[in-house]
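Trainee: Below, each chain spelled out in residue letters.
Number of protein chains: 2
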Amino acid sequence: MTMTAVPRSADLNALLDEHARLRAELLDAGHLIDTGVEGVYGHGADFSAVCRAVDALVGRVIHEVHGGAATVLAFPPVMPREILDRTDYIASFPHLSATVATYEGGDAEHRLMLAGRDAGHDWGGHLRSSDLALVPSACHPVYPTLSGALPRDGAWVDVSGHCFRHEPSSDPMRMQSFRMREIVRVGTDRAAIAHRDSWVARAAGILGDLGLRVSQAPAVDPFFGRSGRMLAANQSADGLKTEVLVNVYGERFPGVAVASGNYHRDHFGMQFDITSADGSPAHSACLGFGIERIALALFAAHGMDRASWPGAVNARL
Amino acid sequence: MTMTAVPRSADLNALLDEHARLRAELLDAGHLIDTGVEGVYGHGADFSAVCRAVDALVGRVIHEVHGGAATVLAFPPVMPREILDRTDYIASFPHLSATVATYEGGDAEHRLMLAGRDAGHDWGGHLRSSDLALVPSACHPVYPTLSGALPRDGAWVDVSGHCFRHEPSSDPMRMQSFRMREIVRVGTDRAAIAHRDSWVARAAGILGDLGLRVSQAPAVDPFFGRSGRMLAANQSADGLKTEVLVNVYGERFPGVAVASGNYHRDHFGMQFDITSADGSPAHSACLGFGIERIALALFAAHGMDRASWPGAVNARL
Numbered sequence: 001m002t003m004t005a006v007p008r009s010a011d012l013n014a015l016l017d018e019h020a021r022l023r024a025e026l027l028d029a030g031h032l033i034d035t036g037v038e039g040v041y042g043h044g045a046d047f048s049a050v051c052r053a054v055d056a057l058v059g060r061v062i063h064e065v066h067g068g069a070a071t072v073l074a075f076p077p078v079m080p081r082e083i084l085d086r087t088d089y090i091a092s093f094p095h096l097s098a099t100v101a102t103y104e105g106g107d108a109e110h111r112l113m114l115a116g117r118d119a120g121h122d123w124g125g126h127l128r129s130s131d132l133a134l135v136p137s138a139c140h141p142v143y144p145t146l147s148g149a150l151p152r153d154g155a156w157v158d159v160s161g162h163c164f165r166h167e168p169s170s171d172p173m174r175m176q177s178f179r180m181r182e183i184v185r186v187g188t189d190r191a192a193i194a195h196r197d198s199w200v201a202r203a204a205g206i207l208g209d210l211g212l213r214v215s216q217a218p219a220v221d222p223f224f225g226r227s228g229r230m231l232a233a234n235q236s237a238d239g240l241k242t243e244v245l246v247n248v249y250g251e252r253f254p255g256v257a258v259a260s261g262n263y264h265r266d267h268f269g270m271q272f273d274i275t276s277a278d279g280s281p282a283h284s285a286c287l288g289f290g291i292e293r294i295a296l297a298l299f300a301a302h303g304m305d306r307a308s309w310p311g312a313v314n315a316r317l
Numbered sequence: 001m002t003m004t005a006v007p008r009s010a011d012l013n014a015l016l017d018e019h020a021r022l023r024a025e026l027l028d029a030g031h032l033i034d035t036g037v038e039g040v041y042g043h044g045a046d047f048s049a050v051c052r053a054v055d056a057l058v059g060r061v062i063h064e065v066h067g068g069a070a071t072v073l074a075f076p077p078v079m080p081r082e083i084l085d086r087t088d089y090i091a092s093f094p095h096l097s098a099t100v101a102t103y104e105g106g107d108a109e110h111r112l113m114l115a116g117r118d119a120g121h122d123w124g125g126h127l128r129s130s131d132l133a134l135v136p137s138a139c140h141p142v143y144p145t146l147s148g149a150l151p152r153d154g155a156w157v158d159v160s161g162h163c164f165r166h167e168p169s170s171d172p173m174r175m176q177s178f179r180m181r182e183i184v185r186v187g188t189d190r191a192a193i194a195h196r197d198s199w200v201a202r203a204a205g206i207l208g209d210l211g212l213r214v215s216q217a218p219a220v221d222p223f224f225g226r227s228g229r230m231l232a233a234n235q236s237a238d239g240l241k242t243e244v245l246v247n248v249y250g251e252r253f254p255g256v257a258v259a260s261g262n263y264h265r266d267h268f269g270m271q272f273d274i275t276s277a278d279g280s281p282a283h284s285a286c287l288g289f290g291i292e293r294i295a296l297a298l299f300a301a302h303g304m305d306r307a308s309w310p311g312a313v314n315a316r317l
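Residue numbers (our numbering), protein chains in the order written: chain B, 1 to 317; chain V, 1 to 317.
These are calculated hints, taken from the structure and not from any lab test. Each hint should be verified, as a subset may be incorrect.
[To be verified] Over the 12 angstroms line for every Cβ pair with chain V, so calculated as not near, a few chain B residues:
#1 21
#2 73
#3 98
#4 128
#5 188
#6 217
[Unchecked claim] Derived Cβ-Cβ restraints for the label pairs, each shown as a range:
#7 V:118 to B:170: 31 to 39 angstroms
#8 B:111 to V:148: 28 to 36 angstroms
#9 V:169 to B:111: 25 to 33 angstroms
#10 B:116 to V:149: 31 to 39 angstroms
#11 B:236 to V:60: 46 to 54 angstroms
#12 V:104 to B:208: 21 to 29 angstroms
#13 B:233 to V:60: 47 to 55 angstroms
#14 V:311 to B:118: 54 to 62 angstroms
#15 B:118 to V:49: 19 to 27 angstroms
#16 B:111 to V:120: 32 to 40 angstroms
#17 B:305 to V:65: 37 to 45 angstroms
#18 B:64 to V:148: 54 to 62 angstroms
We put the CB at the ideal spot given by N, CA and C, even for glycine.
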């Protein structure tokens, strides 16, 4: 989620050791189950319960703050592929993108595919990108549902979903498949910026109350390739992204983003024809909580046995 | 999930009308949100709440029956692609299978992809099947975790996950992306068959207690192509699959499967090197609950406004 300064080589090795140590502890405790693919894990009962509790806590705060004004939505892990186009995700983050590939051939090609497979060839080429993609951010499927004129005060959406980003990593904090809960604001530029800023502060408060060592920092997304450098520079110069970080691997290493606040200007408003009361393209902002990352940060901070966590932390969850 | 006798044409039209009617009611009530792709829906707050309640009810029954003997696991919506091979899913159900396609090219190909896109060409071919696939059945990622010798009594696993099957349909009961909760038994042939049969009966009981009109029937999976006919005939002759069906569209139409019990013989035991205490390949069986299907059946039976459902039903959820 964040581009941090690259540590020097000795530091990098020490950081990789920290990743391996935490990963081993989580696997030993049965919180994560190795699947053989980096960043894709099964979840044990206690880990699932903490994820559910974190999600419920976030939901309670959203409800306290916005009450019935926030529309509660959930989306499945897949969405129409054209959303990757309209959000420009495939243009800005092709390396993280994923489509759903399916088989549209007949009997004859199927026999060929299986014969090839028996001869040791990869059969993946027989499947091709369908009209579906994996959801990269929980809020992306929301914008098409808002097309048209917004109410006078704009809209708030509380949205949950599984996200996928193709970034295999040995760092257990960086999963390829993970859940995100976001509180989205669509309306004027002022409303969007105020939403992001108040929710960044609120997220830092929620996480601090869970006994995590929290900080905030401006951040940029990992845009792809040469042209991406300019996009990242613009995002940074305009202060569009702020991350809430937790110190997971010790003071000498950068914190890990567990929540992220983004102001999109009128990007989604333009792309999805969402208009403010005055007829101009709506601005939007969101604050996303990384559910697994928060759960992992809690186990890293308070130990692998939830029963031994501080009472004040368990009382909040 | 089931191959039912194909109704005659007038009946088929009447059934399609029923699909359209239920779908419109669910969309109007905000329980489902149209995404533009058949079988892929967003979920409204009440629908999500019913899904959660159904899942929790199933979890309570599993806990009552098996207590601490059942290992509770959850898996993300993606799994190593090689599991599609080892389960034979890609051989038997290529038309339902899906891999995760990702972009592995560099800057130059990316520029080409975007130029093609701007000229109106499909960019999907620039992404290729990765080492990940979408999970077709919640229990499939479980078997690799059981490789090796089982305890003397075998194993029980309570597993949850999002599943994907590429079968776009205008029937709201047939989603492409949906959640499944399964109770899996691995051990002797006798233990596996007894598990399937007792859980089919228990599932029918749970659903009947929710005011649904339930039946049970032997069933076969929708195997692909010509060779699939023989596989289906064998599955049917050996009575491997039993479905729990709910009458959703009226008495003149077949029921819709909302839970399914399957005995796999030693198929997964062989493929994943799971051995019983006596050293022979383990047998397995599972009972899967289709969470969205059960929730949809409840709205279809009791009405779109949950507050007006029978008190006895709401009390159980």
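Trainee: Find the hints from earlier in the document that the structure breaks and name them by number, from lowest to highest.
Mentor: Violated: hints 2, 3, 4, 12, 15, 17, 18.
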